[in-house]
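S.K.: Sequence:
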Amino acid sequence: MEYTPRPFALVAGLRSYSPELQAIINYVEEELKALSRALVETTVLESRTISVEPKRPREGMIVVADGVDWNPGFGGGAYAYFNNSWVYLSGNVSESLLGSSTLDVLPHDLREHTTLIVSLVDDRFVSFAEGEIAFSDNISAYSGVTITNSTGGKYTTRKRLLVDSSVNALRLTHDGDGQPLGALIEDTATNLLLYSEQIDVATWAKVSGISVSANATIAPDGTTTVEKLTPATAVALSSQYVSQNVSKAASALYFTFSVFAKKAEFDRVRVLFNDNANSANTVGVVVSLEDGSIVSAAGTSGTFTNPSSTVVDAGNGWWRISVSALTAVETVIRNRCYIYDSTATNGDGTSGAYIWGMQAELARAPSSYIETTTAQVSRSADVLSLPVANFTSDEITIAGEFVAPWKDEVARTVFCLKNGTDSLQMDFAVGSSVPAIAFTVAGTEQFGGSAVQLNPGETYKFYVAASKAERKLSWKFTGLAAGSVGPTSPLTETAGFTPTSVDIGNVAGADQLRSTISSFSIVDRAWTNAEGLSFTDGVDHTHQDLNDTIAYNGASGRNYTNSYNTTTLTTLTGVANRMEIAPWVAPIDLTITTVGLLCTTAVAGALGKVVCYDSDSDGRPNNLLFETGTLDFSTTGYKTVSQSYNFEKGKCYWLGIRHSATAALNAHQSYTSPGLPYPATPTTSAVKLLRRSLAFATAAPSSWGWLATEETAASVIAVFLTKA
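Counting from 1, position 262 in the sequence shown corresponds to residue 262 in this note's numbering; the numbering is continuous, with no gaps.
In short, the hints are calculated from the structure, not lab data. Computed from a predicted model, the values in this text were never measured in an experiment. Take every hint as true, because none was put in to throw you off.
List of simulated lysine to any residue pairs, SDA-like, C-alpha gap at most 20 angstroms:
{"hint": "1", "residue 1": "263", "residue 2": "295"}
{"hint": "2", "residue 1": "263", "residue 2": "315"}
{"hint": "3", "residue 1": "723", "residue 2": "557"}
{"hint": "4", "residue 1": "206", "residue 2": "349"}
{"hint": "5", "residue 1": "723", "residue 2": "587"}
Full structure from sequences and hints, please.
M.R.: Pasting the structure below:
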């Protein structure tokens, strides 16, 4: 930008001008020239932050929005006005198109290899086709997208309110803290109870004097429709409850009863259902309304089996509590809700707790809440399918994030990428929490495999990569071992995999995930294990370099182990009075409470101990940091012992095992453990640990005292360290 002055002209009617006027003209001209030079020469162009959208935005205009009073779509930051809309400029291409919540979806090859990115947190869709980018701020507005739910359903907003969705709309739900979970995709369900929010009506029985006060406080949906249950004076809390009967078929069916509960004067609730004809057939759970902890775990008696329960923070002091079991030939189920307390055993006529949103359904776990009045109400299934255009490849990677569903009596699908009889699909089989992955061409499964068990209700990032050329299928889930499998038969030769659509959270409108999925992407290249690990666990590393360790900070109760590339464990048989240690670099500042080992072959009277030494300036084992109490290897299984210690990130430790007998323990594959230097004359076996003999009854030495003769080529016993 540069200023060029125009010839000065006298104002019409002015024949001459004074020296004062000439001075003003000269001053203005010089100031404009200085401004021009400043704009041309500057390396930084500053713009003030504004809180109101410009009234007349022009093509190419750049502004900085405050993101609060005026939010063009992605919060505060710089925006440019193009094609009649504000485009975010404060991040890279994926951040600009999708917002920061979706930036983690694709860490690799964004422009070159990506075909599709979907954010089910902020309702955004990006399709990459032949170098062009098409995106939408509303997935439902994108051509070819199918979103079906003929009744709509409940979901939780960012403000922690339970609301109804529109029909045929995504339910982008949130947790009790208002954090986004993604799209809730469920199959059809029916609330079998009547008057789910009006417990004061006669349909609900009030037993042993318990009273119900209507419209006592604000419900999770923001309405004043909550009932307060108040046990009667001097009557045992265990004999007072409200109940309603529902009918079911005389066959083995899973049944779930759920309620929303909130503390008032009393601070516990018991949720239970039983066979109306024989109360000995029952299942129930007691939950604290202070913190949602389970006071008395779900247990069954009589003909009911397979009990389970859930407690979900519904926000604003509310907890959604459920209990489930497999029923038998019972035809009438009685659903009960009791008010308990941590100190009181009898009612006092004034103290109680708040109850709302009762639901009974034929399912293994609760679905989203369905309101009823005079009749049972059903919610239709959610269906989400997206187009995939201009995609032909012999390699493919699917990556995303979802909450693992509860095992159920129908299959649960995470995704199905398909074109006719060609598909790449990941789902959970009936009654399973283990994801199964299969790649099918022309109706014939080319290769497939099963991952490891996921914990229902936990969030996982995942990737699935298929390579037709390498005849290989690979996968990884957050915090779990990677897996892969090759084909069991020759591949059906076709001209590559050419999917035209992807079903997310369902397959062909069925087998819904019954959980949430927050992001999804397709890449026309098979990621390597390192790339997949970078996405699922947030790290880039190779196990050959001890300085490049995993720094994934797991939740309390998760287990770390003394390996840098965990895979399927092997076994190693102990020798009486043997002691062996191997190096391990702590990936994080890790405080532990427990140490554990997996015993695969028990020996009567066999015992073990875990020891840990620090390192000297040469990296060799030095001073004893701890020796645990004894572990019993007379039976198989996971053996633990309490042990407190604070490991420092990046510091090398020597962890190991002491044996009293010949029990076999799980060990890491040799290639997953760091190697020690080879001897002067190298051998073909990698040196992995230091091994010596020491009577088991003798305490571990306070200082190791390194000897080269103790260097050994052997697998390293897998030691598990439980995070505090």
